[in-house]
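Student: Sequence:
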Amino acid sequence: MKTIKGPGIFLAQFIGPQAPFNTLAGIAQWAAGLGYKALQIPCNHPAIFDVERAAASQTYCDEVSGILAEHGLVISELSTHLEGQLVAVHPAYDAAFDAFAPAALHGDPQARQRWAVEKVRQAAVASGRLGLQAHATFSGALAWPFFYPWPPHNQPLLDGAFAELARRWRPLLDLFDEQGVDVCYEIHPGEDLHDGVTFERFLTLVDNHPRCNMLYDPSHLHLQQMDYLTYIDIYHARIKAFTSRTPNFAATGAMASTVGYQPWQQRARAFPLSRRRADRLQRGVQ
Numbered sequence: 001m002k003t004i005k006g007p008g009i010f011l012a013q014f015i016g017p018q019a020p021f022n023t024l025a026g027i028a029q030w031a032a033g034l035g036y037k038a039l040q041i042p043c044n045h046p047a048i049f050d051v052e053r054a055a056a057s058q059t060y061c062d063e064v065s066g067i068l069a070e071h072g073l074v075i076s077e078l079s080t081h082l083e084g085q086l087v088a089v090h091p092a093y094d095a096a097f098d099a100f101a102p103a104a105l106h107g108d109p110q111a112r113q114r115w116a117v118e119k120v121r122q123a124a125v126a127s128g129r130l131g132l133q134a135h136a137t138f139s140g141a142l143a144w145p146f147f148y149p150w151p152p153h154n155q156p157l158l159d160g161a162f163a164e165l166a167r168r169w170r171p172l173l174d175l176f177d178e179q180g181v182d183v184c185y186e187i188h189p190g191e192d193l194h195d196g197v198t199f200e201r202f203l204t205l206v207d208n209h210p211r212c213n214m215l216y217d218p219s220h221l222h223l224q225q226m227d228y229l230t231y232i233d234i235y236h237a238r239i240k241a242f243t244s245r246t247p248n249f250a251a252t253g254a255m256a257s258t259v260g261y262q263p264w265q266q267r268a269r270a271f272p273l274s275r276r277r278a279d280r281l282q283r284g285v286q
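Counting in the UniProt record's numbering, the sequence shown runs from 1 upward without gaps.
Please note that the accuracy of each hint is not assured.
Unchecked claim - Simulated restraints on C-beta separations:
no. : residue 1 : residue 2 : range
1   : M226      : D159      : 22 to 28 angstroms
2   : A103      : D207      : 34 to 40 angstroms
3   : G72       : D159      : 46 to 52 angstroms
4   : G33       : G66       : 43 to 49 angstroms
5   : T23       : N248      : 30 to 36 angstroms
6   : G72       : G253      : 45 to 51 angstroms
7   : M255      : L157      : 27 to 33 angstroms
These aren't lab readings, by the way, just hints derived from the structure by calculation.
Just so you know, even glycine gets a beta-carbon here, dropped at the ideal spot from N, CA and C.
Generate coordinates for the entire structure from the input sequences, incorporating the hints supplied.
Tutor: Right, dumping it as structure tokens:
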């Protein structure tokens, strides 16, 4: 607890076309005014943070750090959640995940993956230039369509999916290691790394890589009915980043606790407090 410096905020859900959410300086002033001390910055909004430029220019990284310092802020991590997702996409999800990539790549899964890998590589170098210790991302998913055990699991299929996931991430883990930065996979439903067991499976396949670590968000564990406190006891050595939201777990007689096919507002499990607060903050209401 002695190393905690104060609250941080992930900017992804707030960035938008209206001031103050459309410039780094504006959103930094807004966040500082709410008492935040650190920003987790996504890498898919070049008007806020240009990861390609950051990977190439120490001067640009110094400028970004300077803008935040003017408001008493630092970067906690860069985030490539969307790009990490696209490192590994099962074909069943190609159409859904095309939206995370530039329009020119839609319908071309191989080009989309190459783009995603390059963006994660840029984030690794940029993180090193910025002096960061951790990076937030998703693992992507090649086995997720087979999550539910019906039809019965095909073990060779699952083994192959995890082996391929490890093959794709190993060179990226090595690059982050060169930069002195931990890769923190957010343990999250929809990712192949969605609980401790799946993380362990992946960790073994990347030879217990020292940069293979976790972003711990207890809300995602709670919504999977996991013991999220014991999880810390088991995996504390690999937890290198932390976020938290307020989950709603409300199964009904008509709808299961899984998210199903319902719209966001109608799901039995969701994040209502975070959702309402995001809406209020976007409208300038604290």
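Student: Do G72 and D159 keep their Cβ atoms within the hinted range of 46 to 52 angstroms?
Tutor: 49 angstroms, holds
Student: CB of G72 to CB of G253, is that within 45 to 51 angstroms?
Tutor: Check passed, 50 angstroms falls within 45 to 51 angstroms.
Student: Starting from the range 27 to 33 angstroms, see whether the pair M255 and L157 falls in it by beta-carbon distance.
Tutor: 30 angstroms, holds
Student: Looking only at beta-carbon atoms, does the pair G33, G66 fall within the given range of 43 to 49 angstroms?
Tutor: Distance hint for G33, G66 is violated at roughly 19 angstroms.
Student: Could you say whether the range 22 to 28 angstroms given as a hint is met by the Cβ separation of M226 and D159?
Tutor: The hint (22 to 28 angstroms, Cβ to Cβ) holds, given that M226 and D159 are roughly 24 angstroms apart.
Student: Holds or violated: 34 to 40 angstroms for the Cβ distance of A103 and D207?
Tutor: Because 38 angstroms falls inside the window, the suggested range holds.
Student: Could one say that the CB atoms of T23 and N248 fall in the range 30 to 36 angstroms?
Tutor: With a Cβ separation near 33 angstroms, T23 and N248 satisfy 30 to 36 angstroms, so the hint holds.
Hint check: a violation occurs at hint 4 only; the rest are consistent with the structure.
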